[in-house]
Amino acid sequence: MKNLVPKIILTVFLGLMTISTVFCGGYNVGDMAKSFTLKNVDGNMVSLSDYKEAKGFIVVFTCNHCPYAKLYEQRIIDLHKKYAAEGYPVIAINPNDPVKQPDDSYENMIKRSKQKAYPFVYLFDETQNTAKSYGATRTPHVYLLNKVQDKFQVAYIGAIDDNPQSAEDVENKYVENAIAALKKGKKVAISSTKAIGCTIKWK
Amino acid sequence: MFKTSFILVFATLILSASYPENEVKVYNFKEFKSEILDKKENNTLMVINFWATWCGPCIKELPYFEEVNKKYANKNVRVILVSLDFEKQYNSKLLPFVKEKNLKSEIIWLNDTKYNEWIDQVSPQWSGAIPATIFVKNSKVLKFMEKELELEELESTINNLL
Chain S
1 MKNLVPKIIL TVFLGLMTIS TVFCGGYNVG DMAKSFTLKN VDGNMVSLSD
51 YKEAKGFIVV FTCNHCPYAK LYEQRIIDLH KKYAAEGYPV IAINPNDPVK
101 QPDDSYENMI KRSKQKAYPF VYLFDETQNT AKSYGATRTP HVYLLNKVQD
151 KFQVAYIGAI DDNPQSAEDV ENKYVENAIA ALKKGKKVAI SSTKAIGCTI
201 KWK
Chain P
1001 MFKTSFILVF ATLILSASYP ENEVKVYNFK EFKSEILDKK ENNTLMVINF
1051 WATWCGPCIK ELPYFEEVNK KYANKNVRVI LVSLDFEKQY NSKLLPFVKE
1101 KNLKSEIIWL NDTKYNEWID QVSPQWSGAI PATIFVKNSK VLKFMEKELE
1151 LEELESTINN LL
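Read top to bottom, the protein sequences are chains S and P. Sequential numbering from 1 applies to the first sequence in my numbering. Sequential numbering from 1001 applies to the second sequence in my numbering.
In case anyone wonders, no lab produced these hints; they're calculated from the structure. Hints are supplied without guarantee of correctness; some may be wrong.
[To be verified] Simulated crosslink set (DSBU-like; lysine-lysine; CA at most 35 Å straight-line): (1) P:K1033 / P:K1075; (2) P:K1033 / S:K82; (3) P:K1104 / S:K201; (4) S:K194 / P:K1114; (5) P:K1060 / S:K194; (6) S:K203 / P:K1147; (7) P:K1114 / S:K100; (8) P:K1075 / S:K203; (9) S:K173 / P:K1140; (10) P:K1114 / S:K184; (11) S:K111 / P:K1147; (12) P:K1101 / S:K201; (13) S:K173 / P:K1093; (14) S:K201 / P:K1071; (15) S:K70 / P:K1075; (16) P:K1071 / S:K114; (17) S:K111 / P:K1137; (18) P:K1093 / S:K100; (19) P:K1040 / S:K194; (20) S:K111 / P:K1114; (21) S:K132 / P:K1075.
[As the list claims (entries may be wrong)] To give a feel for the contact side, a few chain S residues facing chain P, derived at Cβ under 8 Å: (22) P67; (23) G135; (24) R138; (25) D162; (26) N163; (27) P164; (28) S191; (29) C198; (30) T199; (31) K203.
All C-beta atoms, glycine included, are put in the ideal place defined by N, C-alpha and C.
Bound conformation, chain S alone (with noise of 0.2 Å):
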């Protein structure tokens, strides 16, 4: 009988790692990035394609109503001022159902990135495919991707920086050092962290 405790936690153990293979879905760090195609908040597809002199993206699942995400809304657009022109623009992506969520839909992301005069691109997930795809659960929901020949490689997943209530008072800025590593050709120390934010709307 004692012989069999550990053959059942094994078992257990097994068995919840299929289920968590299973459930995760989407990229991990090191993982090949798909390219997408969506519509932008002026009327235009937008995919990663379109980019030529890119060498990575800020991808960033983000939102209009969701508190953390208004938190950053300023940091996501001082991040596509400093890094768009060192090659690593923001691609900004509400992939939330304006079902459950009106403030959410795309004319309001239009009434949005007007208001606060978004750099970036800013997409609508209608399908919800790409964030799927991707693996994204929150806003604001960050992927960075490195460009490795013609694919894009995930070079971080997680969150903008650790404090999402003060701008001034972050210690680690995630992204601007994993993006500072890829420059160097170096290996990003923290290639994770948990994305602190709103669950995404699911149809």
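Chain S is fixed; fit chain P onto it per the hints.
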């Protein structure tokens, strides 16, 4: 007679004004861990719900926790509502909300924004979204649920863990 009742009404008014309905304890994570998570309380099942005033699904399920708090008052169940409201909203949103809804469960404001340093210590399963609820007994996390709960599911989970 009129005078006595007047004094009584007056006294009640003063009392209700000077005694807040519910105290909100303020903890950082270290304090929360030592005071709540690691606390060994004789077989008390702690139902700890993480929420915030700005989180719609959290507000929707809050009455169920209040209900359970009342219903299981004589059992070994301790309901704790842990608010993750932002610092700016502590005075302007959280305190008025607690008062307005007349919340009776224990309330903690967990003011610790270094989420990535503590969230795994609550549960490695926690992705970082709220609502989330953990069930703790004798400083062991028995169950973690990261979703909006219905009253039925909340009660059956408690009954199973009691």
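Evaluated hints:
Annotation: proposed proximity of P:K1033 to P:K1075 holds, straight-line Cα distance about 23 Å (limit 35 Å). For the hint linking P:K1033 to S:K82, the alpha-carbon distance of about 39 Å lies beyond 35 Å, and the restraint is violated. Proposed proximity of P:K1104 and S:K201 is supported: the alpha carbons are some 30 Å apart, at most 35 Å. Pair hint S:K194 plus P:K1114 holds up; C-alpha atoms about 11 Å apart against a cutoff of 35 Å.
Taking the CA atoms of P:K1060 and S:K194, the gap is near 25 Å; set against the 35 Å cutoff, the hint holds. A C-alpha spacing of about 15 Å is found between S:K203 and P:K1147, which places the hinted pair at or below 35 Å, so the restraint holds. Straight-line distance between C-alpha atoms of P:K1114 and S:K100 comes to about 30 Å, which keeps the hinted pair within the 35 Å bound. Between P:K1075 and S:K203 the alpha-carbon distance is near 39 Å, which puts this suggested pair outside the 35 Å criterion.
Among the hinted pairs, S:K173 with P:K1140 is consistent with the structure: their alpha-carbon atoms are about 33 Å apart, no more than 35 Å. For the hint pairing P:K1114 with S:K184, the CA-to-CA distance comes to about 28 Å; that is within 35 Å, so the pair holds. Between S:K111 and P:K1147, the direct Cα distance comes to roughly 31 Å. Compliance with the 35 Å bound is thereby established for this hinted pair. Proposed proximity of P:K1101 and S:K201 is supported: the alpha carbons are some 26 Å apart, at most 35 Å.
This hinted pair checks out: S:K173 and P:K1093 have alpha carbons roughly 29 Å apart, not beyond 35 Å. The straight-line distance between the Cα atoms of S:K201 and P:K1071 is roughly 32 Å, inside the 35 Å bound, and the hint therefore holds. Between the alpha carbons of S:K70 and P:K1075 the distance comes to roughly 42 Å, so the proposed pair goes past 35 Å and is violated. For the proposed pair P:K1071 and S:K114, the alpha carbon gap of about 50 Å is over 35 Å, so the pair is violated.
Pair hint S:K111 plus P:K1137 does not hold up; C-alpha atoms about 49 Å apart against a cutoff of 35 Å. The hinted pair formed by P:K1093 and S:K100 meets the criterion: a straight-line CA distance of about 24 Å does not exceed 35 Å. For the suggested pair P:K1040 and S:K194, the alpha carbons sit about 29 Å apart, so the restraint of at most 35 Å is met. Distance check on the hinted pair: S:K111 and P:K1114 sit about 32 Å apart at the alpha-carbon level, within 35 Å; holds.
Between S:K132 and P:K1075 the CA atoms are separated by roughly 43 Å; this puts the pair beyond 35 Å, and the hint is violated. Because the beta carbon of S:P67 sits about 5 Å from the nearest beta carbon in chain P, less than 8 Å, this interface hint is met. Below 8 Å, beta-carbon pairs count as interface contacts, and S:G135 has none with chain P, the closest being about 11 Å; its hint is therefore violated. Interface restraint check: S:R138 against chain P, minimum CB-CB distance 5 Å, threshold 8 Å, status holds.
A cut of 8 Å between beta carbons decides the hint on S:D162: the least distance to chain P is about 6 Å, and the hint holds. For S:N163, the interface hint holds, the least distance from its beta-carbon to any beta-carbon of chain P being 5 Å, beneath 8 Å. With a least beta-carbon distance of about 6 Å to chain P, the hint placing S:P164 at the interface is held under the 8 Å criterion. Because the beta carbon of S:S191 sits about 13 Å from the nearest beta carbon in chain P, more than 8 Å, this interface hint is broken.
Residue-level restraint check for S:C198 holds (minimum Cβ-Cβ distance to chain P is 7 Å; threshold 8 Å). Evaluation of the S:T199 hint against chain P yields a held restraint, the C-beta minimum of about 4 Å falling below 8 Å. Contact between S:K203 and chain P, as hinted, is not supported at the beta carbon level, the nearest pair being about 16 Å apart and thus beyond 8 Å.
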